[in-house]
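Could you put the whole structure together from the sequences, leaning on the hints where they help?
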Amino acid sequence: MEKQITSKFQSSLRTVLSSETCQFPTHNSDGIPIPELTPEQKYAFDTHGWLLVPEVITGGELEEMRDFASRLHNAPESIPEHERSTLGGAVQKLIEHPLVVALLNEFTAHPSVTSPACYGFSVESTTLFYREPGMGNFGPHNGNGLLRFPGDVHYYNAFPGKGYSPHTRIVWELNDVKKGQGGTLLVTGSHKSVYTAPGEIQNPDSDVWSTYGCPGGSLLFFTEALTHSATTWKNTENDRLAIFSLYSPVDSGFAQVYQPHPKLFSEMPPLRQTLFRNRYVVGNVNGDV
Amino acid sequence: MAYKELATTKPFIVNKNLGSAVEVEPEELTKTNADNTPVVIPTQKQKYNFDRNGWVVIPNLLSKAECAEMHAFCERLRCEPESISEPQRCAIGGPLQKLADHPVVVGFLNEFLAYPPAASEACYGFRLEESEVVPDSGEFVAAQHKGSGLFRLPGDSHLYRCVPGRGWSGLTRALWELTEVTAETNSMRFISGSHKAAYPLPEAIETPNSSLWETYTCPPGSLILLTESMTNVRVRIELEHVERSCISNLYNTVASRWSNWGPHPQLLEAMPPKRRTLFREVYAGGNVVNGEFGNRTDAYSVAH
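In the order they appear, the protein sequences are chains A and B.
Residue numbers for the first sequence follow my numbering, so the first one is 73 and each next one is one higher.
Residue numbers for the second sequence follow my numbering, so the first one is 321 and each next one is one higher.
Just so you know, these hints were derived from the structure itself, not from any lab.
A quick note: this is a predicted structure, and the numbers were derived from the prediction, not measured.
Among the hints, erroneous ones may be present.
Some chain A residues judged to face chain B by a derived CB distance under 10 Å, without partners named [as the list claims (entries may be wrong)]:
| hint | residue |
| --- | --- |
| 1 | 224 |
| 2 | 267 |
| 3 | 323 |
Idealized CB from N, CA, C, for every residue including glycine.
Structure below.
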């Protein structure tokens, strides 16, 4: 198939922004190139509302991250105060992993607040989910994002060739997840639903729900416009060790603006700092645009 | 003449969870303003015209005395700003402040902008982004101004969305004309219906004389509401002297922010609590005073 030219209106009407002209960062703060999402990845995320990429982090790097995350939960005082979060130590770089940036550039970034020196999206929250067997409460929420009005950010917009997920969740599963034993539950395609959820949505064992299994180091993306839920962790071989990060457009958010520890923030590279800027649009971009 | 009622007009507005509908109606949101004046519900015709055109004029809302007082304040802002204390030296200072949550504005924004879970009797369901005294005229800059909000991907607030029975305008502007405006003195130009335009604008609009451009006329004390997702510009007025005072207030959803303007802290502090909620922090989740965020977003709740 020939390359599709997608376009989006920007604030001046006679200019239609071609994707080729959007100046997204080409490298992350660590100088690592941002890859292109494959056509299959874009298609799957838009069609299903979620995408799992297995074994993104492996080996010694994964071990180092597991160790930090475990200490964060079990022995936080062993970590300097300003590093005591999922933005600290070995896991900080996950917040702008090249694959994360690639997906967010496609589905969440807004061109008017993006430049090679500035991300076009913000971090709304990031937190550690540590679950032992028996922990985790079922509670289905969200969904039907396509026809929702934008007032609460949980929407999904699309037209031929382009999908847009303003509220996008990234889950780093640092430990193994066995399918059906506590991984996040997702209702595939429900970000575009036009019918209300059926009664059996209240049953975590209903075949309405999809879920996944994956080795540690895997990366799950889903749009918050999708109906999803936590569920009880049942895996007795390992606990759940997952970092949940939530990204929003630069202009809006569901939760209050996330602010890292000031010392931690000041030590971040400038490009990474742009993930935590104030919430508005006009002139809120660094670098050449 | 009595008109027949349509059989049903109730829209389905998607709520936060599981595709359930928002149960609360716009008429049930914040029912009084900060001065305890009852909010005015827009008429069916006003709603119809705003949705199809992208703008609506509501004439003669302010009395002659109110217009005179406000116009005089605008003149001081323009000509002798030092005569006004610094906190009040803006378009929501002095007698202009009450325009920010005028009952007609609140009623209209409850319909077209408010996020119902973030609205209560103590708290508006929308924010005030910026307030300014409109300059008499400007340069013609057609190519830089908006439009096609229906198909625009969110991210810059210039959005328009609709489902049968309900329209939603992201950035919404309220213009208060304190002096008479004629076609000769009005620098505002816009294109009706362009908030829903599916085609890029033709080259013809690059001249201010294009027949696509329209404007409005109105007596003093009138209110013009328009969606910023509509194509609009300001043109240069060649008349030697134009006596015009116009206040422009720009509103946005509780979750989003376009500009980085805010009132002087002392001015904000002195406002009634409900009016202060127009300037609250930008986020949606639970961002309501004495409200029912949980009930209003609960898929299974019937109470509100």
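So, going through the hints one by one against the coordinates:
1. 224: Hint on residue 224 of chain A: holds, closest Cβ of chain B at ~5 Å, below 10 Å.
2. 267: holds, 6 Å
3. 323: holds, 5 Å
Of the numbered hints listed earlier, not one is contradicted by the structure.
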